[in-house]
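**Q** Listed below, chain by chain, are the residues.
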Amino acid sequence: MVHILDVMEKALEGKPISENDYQLKLFADKVNEKVREHGIKFDRNEVIPSDNSLADDIYRAAVELLVEVGAYCTDTSRIISYSEEEIKGALRNAPKEIWLGEGKERKRLAPRKIEDKSPPWCFLGAGGGACSSDRSFTTLVEGYAEIPEINAITTPALTRVGGMRIRPASPLELLGAMRNAVYAREACNRVGRPGLPLMNSLSTAESDIALAAALHPRYGIRASDGFLICCMDPMKVDFNRLNKVTVVLSMGAPIGTCFGPLMGGYSGGPESTAVSNVAHHLMGVLTYQSSWLLPFPLHLRYVSSSSREMLWIISVTGQAISRNTDLISLNLNYTSAGPTTPMCLFETSASVTAAVVSGLSIESVGVASNKEEDRTTPVEPRISAEVAHAVAGMKRSDANGMVNELLSKYESKLASPPLGKTLFECWDPERRRPSPEYQKVIRKFKKDMAEIGLDLRPEP
Amino acid sequence: MGKDDAITELRSAVLEYDSDAAVRAAKAAIRQKIDPMIMVDEALVPAINEVGDKFEKMEIFLPDLMLAADAVKASMALILPLMAKDYQTSKATVVVATVQGDVHEIGKNIIASMLMARGFNVIDMGVDVKTTLLIDEAKKSRAKIICASALMSSTMGSQKDIIDYATALGDRKRYAILVGGGPTSREWADEIKADGWGKDANGAIKLADKFSGRR
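These protein sequence lines map, in sequence, to chains G and X. Residues in the first sequence are numbered from 1 upward in steps of one, following this note's numbering. Residues in the second sequence are numbered from 1001 upward in steps of one, following this note's numbering.
These are computed hints drawn from the structure, not numbers from a lab. Take these hints with a grain of salt, some might be off.
[What the hints assert, rightly or not] SDA-like cross-link-like pairs, simulated, lysine to any residue; straight-line CA separation at most 20 Å:
hint, chain 1, residue 1, chain 2, residue 2
1, X, Lys1091, X, Lys1130
2, X, Lys1130, G, Asp238
3, X, Lys1130, G, Ser170
4, X, Lys1073, G, Asp238
[To be verified] For the chain X half of the interface with chain G, some residues (derived, Cβ under 10 Å), not all of them:
hint, residue
5, Gly1101
6, Thr1132
7, Ser1153
8, Asp1161
9, Gly1182
10, Asp1200
In this text, all values refer to a predicted model and were calculated from it rather than measured experimentally. Every residue gets a Cβ at the ideal spot worked out from N, C-alpha and C, and that includes glycine.
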């Protein structure tokens, strides 16, 4: 069993190498070599493949990749190596379930199987997207907490405190992280769901000190929340992140590692990005001591996860993990388009379907690439959750047909997507519902979904 | 090996992302007394432009782009001392960095490689670069352009710090300060009085071209 002290020992004693050589010469070469060795091929027409052997090949390639390249510590400029036995031991010892939340919101999060009929865990909200004010933060979280299918909240991130833009590892970031905790909990209280877990608790805390500062009990964060720690691409870690790991371990709380291999970046094309994505799962359990994993592979150019290649990567990753491990994995999706656009809703439907039928749960959703402040509403994660529940149990071949139909509605617009409206332009915080214009878009979207075979909850 | 072969080998080395081969080819070309300007204009520039175009179309990926840029850099280290002193080998010097407090490097690496591919002299300062060091380097290297990348909403403020610091030193007009990165926007660039906002790598290159000859 690899513990945090073992990780540190490896980070201090591993083979020295420059960061550039690790990622350009070692990682990039090796991931492509593994794709070639295992004959892994992306098929544009089968974005949700039904071929189990493809998933198993990707898994095997990922194990070999991790054994042969290891993780990389940027603070010591050394490789953190793992043997195959250590990987197998970590997988054996990884939790087979975790319980999150309090009171009636306390729920079991467990791994899913391919074409599983059980509804996925719905971790809903902004995916750490930026929001400009305390008002937009609480409006969003209140809206998320009222989504019927919600199991956990993913809060936005505050960008300002006291009118000042947050600076990294400064008192502003610490105060922002404290506010993040207080406002999120208060928003859940206001809608009568105080026990909902905040699974990305403290998204405003990028630095270790901000995370630690906001964990004081007076701010309301609990060990039954989730704690996301983001990995640097590809398979890198630093002391800031290992400090976060150490702090959360000391609370006895479950750590989630998030990682977003970029297709077109160090991981290369779709096949090698899929292998990298699976390898990050295994690396996260070891290096980041994770109990659950959160992949969010993104397209380098579109900064979203709804293109044909990305849907394939989501699907084969889910299938590889689900068939070969008992790891708990939730895919976070990003859309290119923004609120009030049909495209945004079609994109999130496609990504969520690819994840759910392939054995994953979901975090949803980063809207309009999560680039702009307040360009997100409670509608988009609500639609994601409705789709996620509706497609649970769907056959992969049927899902492939549906997703291809969805792609035909937006694929040509990915390079120049409509950004739609911002929060208060299309969401009424007093009446807790979308604007009449957005309601019309949602009704039309649901009609279109019914026409391609997926009935969603009728809109009021 | 003829002169044409030497130029072809140098070009091929860049297209094959091979620094060692680029150095060997450059040495061979130098031994044959090929005009260094021909090495640059007929081998390196067309090759790196081709690589940049392929990257834009996603026919190749980031590691290839960076390795090709490394190959150009390695061969230029041999070729540059042989060039006439008044020969303008690059469009301008650009200092590229990810801002203080931010360790995300992919966007910065893409910009650095694309700028190099388009003929700029690029000084890549890495990630989490202290504001004062960034401006000091720009001053020391007589840069015309500073490209400051930030990927986190919590680190965008460091872009404003760069502009404020340059202004406080009385050096603001010496540099075009361009900002970019995930959470940034044209409005943000306007708010902090940056000279431009690169929506993506192409946008940044266009801006760098625009400001290359101005200061």
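**Q** Answer holds if the nearest beta-carbon of chain G is closer than 10 Å to that of X:Thr1132; otherwise answer violated.
**A** Violated - the Cβ of X:Thr1132 stays beyond 10 Å from chain G, reaching only about 15 Å at its closest.
**Q** Hey, X:Lys1073 versus G:Asp238, does the alpha-carbon distance stay inside 20 Å?
**A** Distance of about 29 Å is beyond 20 Å: violated.
**Q** Against chain G, with CB atoms and a cut of 10 Å, does the hint on X:Ser1153 hold up?
**A** holds (4 Å)
**Q** Less than 10 Å between beta-carbons is the criterion; does X:Gly1182 satisfy it with respect to chain G?
**A** holds (6 Å)
**Q** With chain G as the partner, please determine if X:Gly1101 meets the hint condition of a C-beta pair closer than 10 Å.
**A** holds (3 Å)
**Q** Can you confirm whether the C-alpha distance between X:Lys1091 and X:Lys1130 stays at or below 20 Å?
**A** violated (26 Å)
**Q** With the threshold set at 20 Å, check whether the alpha-carbon distance from X:Lys1130 to G:Asp238 stays at or below it.
**A** holds (18 Å)
**Q** Taking the least C-beta to C-beta distance, is X:Asp1200 closer than 10 Å to chain G?
**A** Holds, because the Cβ-Cβ distance from X:Asp1200 to chain G comes to roughly 8 Å (cut-off 10 Å).
**Q** Next pair to validate is X:Lys1130 with G:Ser170; report whether the Cα-Cα distance is within 20 Å.
**A** Holds: X:Lys1130 and G:Ser170 sit about 14 Å apart, inside 20 Å.
**Q** Does the CB of X:Asp1161 sit less than 10 Å away from some CB of chain G?
**A** holds (8 Å)
Violated hints, in rising order: 1, 4, 6; the structure is consistent with all others.
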